[in-house]
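Novice: Here is how the chains run, residue by residue.
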Amino acid sequence: MKKDRWDEVKDLFQLALERRGEERQDFIEEVSGDDSTLRVELESLLSSHDEAGTFMSRPPGADAAAVLSLEADAPLVGKRLGPYRVVRRVGRGGTGSVYLAVRDDDEFQLRVALKVIRRGMATDEMLQRFRSERQILASIDHPNIARLLDGGSTEDGLPYFVMEYIEGEPLHHYCDNNRLPLRDRIRLFRSVCDAVRLAHQNLVVHRDLKPGNILVTADGVPKLLDFGIAKLLNPELSSDTREPTVMELRVMTPEYASPEQMQGKAVTTASDVYSLGVLLYELLTGHRPYTLSDLPLHEMELTVCTAEPDRPSDVVEVHSEEPGRDGGVREISPESVARARQATPERLRRELGGDLDNIVLKALRKEPPRRYSSVEKLADDLANHLEGRPVAAQPDTFGYRAGKFLRRHRVPTAIAATAMLFGIVLTGTIFLQSRRVAAERDRAEHAAAEAVAVSAFLQEVLAAADPIEGLGRDVSVLAAVEDAVPRIGTSFAENPEIEAVIRYTIGKTFARLGRFDEADEQLRQALTLRRQLFGGDHAEIAETLNALGEVRYDRGDFDGAERLYDEALAMRRRIFGAQHADVATSLDNLGNIYQERGDEEAAEQAYRDGLAIRREVLGPDHRDVAGSLNNVATILHDRDEYDAAEEMYMESLAISRRVLGDTHPEVATSLNNLAVLLHDRDKLEEAEPLYREALAISRRTLGAQHPGVVVSISNLAVLLTGMKRFPEAEELLSESLEISTAVWGEGAVQVAYVYRQLGSLEFDRGDVALAFEHYERTMAILDTKLPTDHPEVVYALARKGRALTALDRYIEGEECLLKAYNAAFKRWGPEDVDVLEFAGWIADLYDAWGRPQVAEGYRAISHGEAVAATASPVVTGAGQN
Amino acid sequence: MSESADNTDVTQLLIAWNGGEVGARDQLLRAVYEELRRIASGQLVGEKPGHTLQATALVNEAYLRLVDQTRVHWRNRAHFFGIAAQLMRRILVDYARRRQAAKRGGGVTIVEFEDSLTPRSRRSVDLVVLDDILTRLEEFDSRAVRLVELRYFGGLTIEETAEVLGVSPATVKREWATARAWMHRELTRSSSG
Chain F
1 MKKDRWDEVK DLFQLALERR GEERQDFIEE VSGDDSTLRV ELESLLSSHD
51 EAGTFMSRPP GADAAAVLSL EADAPLVGKR LGPYRVVRRV GRGGTGSVYL
101 AVRDDDEFQL RVALKVIRRG MATDEMLQRF RSERQILASI DHPNIARLLD
151 GGSTEDGLPY FVMEYIEGEP LHHYCDNNRL PLRDRIRLFR SVCDAVRLAH
201 QNLVVHRDLK PGNILVTADG VPKLLDFGIA KLLNPELSSD TREPTVMELR
251 VMTPEYASPE QMQGKAVTTA SDVYSLGVLL YELLTGHRPY TLSDLPLHEM
301 ELTVCTAEPD RPSDVVEVHS EEPGRDGGVR EISPESVARA RQATPERLRR
351 ELGGDLDNIV LKALRKEPPR RYSSVEKLAD DLANHLEGRP VAAQPDTFGY
401 RAGKFLRRHR VPTAIAATAM LFGIVLTGTI FLQSRRVAAE RDRAEHAAAE
451 AVAVSAFLQE VLAAADPIEG LGRDVSVLAA VEDAVPRIGT SFAENPEIEA
501 VIRYTIGKTF ARLGRFDEAD EQLRQALTLR RQLFGGDHAE IAETLNALGE
551 VRYDRGDFDG AERLYDEALA MRRRIFGAQH ADVATSLDNL GNIYQERGDE
601 EAAEQAYRDG LAIRREVLGP DHRDVAGSLN NVATILHDRD EYDAAEEMYM
651 ESLAISRRVL GDTHPEVATS LNNLAVLLHD RDKLEEAEPL YREALAISRR
701 TLGAQHPGVV VSISNLAVLL TGMKRFPEAE ELLSESLEIS TAVWGEGAVQ
751 VAYVYRQLGS LEFDRGDVAL AFEHYERTMA ILDTKLPTDH PEVVYALARK
801 GRALTALDRY IEGEECLLKA YNAAFKRWGP EDVDVLEFAG WIADLYDAWG
851 RPQVAEGYRA ISHGEAVAAT ASPVVTGAGQ N
Chain U
1001 MSESADNTDV TQLLIAWNGG EVGARDQLLR AVYEELRRIA SGQLVGEKPG
1051 HTLQATALVN EAYLRLVDQT RVHWRNRAHF FGIAAQLMRR ILVDYARRRQ
1101 AAKRGGGVTI VEFEDSLTPR SRRSVDLVVL DDILTRLEEF DSRAVRLVEL
1151 RYFGGLTIEE TAEVLGVSPA TVKREWATAR AWMHRELTRS SSG
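First to last, the protein sequences are chains F and U.
If you count by my numbering, then the first sequence holds residues 1 to 881, one letter each, in order.
If you count by my numbering, then the second sequence holds residues 1001 to 1193, one letter each, in order.
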């Protein structure tokens, strides 16, 4: 392609990318005109962009450091090492290279495998340890164990180990290539167990059992390689409890490593039981219990420690992909798995269900004491199964399985594996960071730069877990965050700056997840830390004040929120001047408070000021501009300036869709608000699909139990009530009530709103008594939380009065309705729709009460035939007659 | 080159190269390569094990070790990261090429020695093909290639890339999206055709 042409294509592509749907199509038509090559080019690039997924979003598959340090190992082929002549390299990896060598000082040539430890892994102590342990290792004489013969060091000082050379193929390949049925696989596996048992009797733990370390010879005899090697590389692993270094992790294989190995805790024979469990799982099902290959180290660690594997009988029904040996992808299907075992998928599932599920999962339990107490017991239980005797393994109860990780809170429904994985990222990161921070402390010259990187990284990871930022994640991220909290204090005791960042980030995440108590706590601590660190005015202090204010706002503490916002705004103006995005944020937040309190004028001012700043600073196409537009629109909406409001909502929605994509939570907010407006204008049919789209987005991105979902549900319910679709509406409102109570607590205003809606639903359906009960609950809450002239109070009060009318309780009804009417009149003036509506309800009341004259006066007002300007005090008087 | 790659030298080289001394680039490449290797194999005296193994970490660390940050201009920094990212590309691609060659020439059953952290990725991109595609892209959009190197091989974030290239993050995002779309398309074509 010519450069000029490409530049043109590129520009057009980028412009097209900013457009969506038809708009994009139109754009392409327009710019390509007759140039069909250009059109094809643009369309293929755009579809490639949509299909690219995670393409290149992860670092290249190869581990840069491993590759680089492999470079450092000079090839040994053709050289002599002691009595051995190196023939060729047969494998290599993170710990070093394996060569085929022959011992040719004898008359007959003994073929051996020679494992040379890579530079950086090798130490002098390793060789010393080797010498001291080689007696033990050499004494393990078992037909299924490849013997360790010798050891030494190369000219360059790299240690090597010499083992019996085994020609064969890895266990699982052997089984698959020979299409061994389950029983044969189990028999083969039992002979592996027997070899491990013997080693355990000699107090040697393998620590790195995996298919690649178990070769099956042409005669069908399995041979275990590398016994004792892992321990030679890492003697400390068994002796104390601490976090393993990356080097140590390199020695084991995460897929087969036990939780205690991943955590660097004491490794015992139980760890080998676990690794054998993974092996057995894979042999029987063709799948591994977890998919780790895509994950960074720290995520692997947490997956192994927390994720529950699928039952073998379930996993064989799964389609999945695994990295193939050539770096490609290998498809695993129920059919391919069954075929390799000479079975049908159905039969395989049946054969695995029950005993084998229980046996495998018992070997794989996270806690060593809950596994088989020895390899022998595992082998025995497999024999029990083969011979039709009852097995010792019992299914784990779910209660325990959900276990530790989720102990402190209720998690909505089933926990998806991905969600667990995701949660894991958070804790994992904190672990990793704490570890790195500790190491960095020794290197003062890098400490500061590193700290910034650490924090930024953590923030990024946590932000990805945030349901708003990391689209469509499951709420059980919560579990991970909660789990991480107790560790923060100790992990960062000497680095308050990082601690503050982490508490701040976690606090924000809690808040977005709707966990306000925890959010408040973390943010307060972050604020304290930052005040200590930075003293007076500082952007990060303002940021924390603001975040804490948002939490107070979300939980309904408007006074508390206002104080914090005010302080943040003043500080930001001092730091940044008047024209700054952060100042706009503060204004926006204050606007929320004013609006909640019913001070619409102040709210509009704040929103519009914020909007102006944002347009100026951020440009017209920015999500925050969409947010500001939305906020101003809500004010116009409240004031019944429908046309202006609709226009602003549309503009806001268009920006959100453009900038954030169609499934972003903020798009849901825009959709919702626009729907409410249409709803208010009685365009019910138009409103319904918008509500439904908003609800679908909220559920998907926030999880079923998020406060954001409540708003969508409630609105749709009200709409359905209006359309007389009561059962649908009731179902939605019950869900909404449940979520609101769980999230905000029983006495929260948000809960009151749901009761009010339930009341209206029952009233419209004709169950007035029940409606009244709901209104009473509404008022009981609102009376304590909001000023008496707050719109929500006024609405609820009027509706309670209307219900009382229907219940023939006129005196009480009159009191409620008049109070509401007066408050509404004072607030919105004589021509307001609500005021007129309330007047109608008062007329209904007096009619029912048998006071037609008074009723007539209000009826006239409600029809706009009488001027209500002076009605209010008179009305009150009339009511008291 | 063993201890000569101290930070004065590299800083000097960076400044010299930036000043138009073309020869400085080769020396820089060597110095950075040596340093990357040293860091990767943990050979440094008194070094504790426990390094992160990602390219980003390596590159950042090399920078911190080699460059006297008080003396360099952001442009020097940009050059450094550009060089390091190109190096990472070369190292990883060469490695991938050799692995391919070994596989073709093999014939013997190899005991795959499956170590924990050896190259693997579920949907790993074929680096050799990717490299060819990048070479083609170089013909008409070398800036995009630099960007891909920084982002993908150097592991830099959008913001870091923006800083190094001296453009806005929004530009990096747009250019990255474009390059990615183009490369993805070419890769798909090369694998299906």
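Simulated from the structure, these hints should not be mistaken for laboratory data.
Incorrect hints may appear among the rest.
With a cut-off of at most 25 Å between alpha-carbon atoms, the simulated PhoX-like pairs for lysine-lysine come out as follows [as the list claims (entries may be wrong)]:
1) F:724 <-> F:683
2) U:1173 <-> F:79
3) F:366 <-> U:1173
4) F:785 <-> F:819
5) F:785 <-> F:724
6) F:10 <-> U:1173
7) F:377 <-> F:366
Novice: It remains to establish, for every hint, whether it holds in the given structure.
Specialist: Tested hints:
Proximity of residue 724 of chain F to residue 683 of chain F is assessed by CA-CA distance (about 15 Å); at most 25 Å being required, the pair is judged to hold. A hinted pair counts as satisfied when its Cα atoms are at most 25 Å apart, and residue 1173 of chain U with residue 79 of chain F does not qualify at roughly 52 Å. This hinted pair does not check out: residue 366 of chain F and residue 1173 of chain U have alpha carbons roughly 42 Å apart, beyond 25 Å. Pair hint residue 785 of chain F plus residue 819 of chain F holds up; C-alpha atoms about 18 Å apart against a cutoff of 25 Å.
Restraint check for residue 785 of chain F and residue 724 of chain F: not satisfied, since their Cα atoms lie roughly 31 Å apart, outside the 25 Å limit. With a C-alpha separation of about 13 Å, the suggested pairing of residue 10 of chain F with residue 1173 of chain U holds against the 25 Å cut-off. With a CA separation close to 17 Å, the supplied pair residue 377 of chain F and residue 366 of chain F stays within the 25 Å bound.
When the structure is compared with the earlier hints, violations turn up for hints 2, 3, 5 and for no others.
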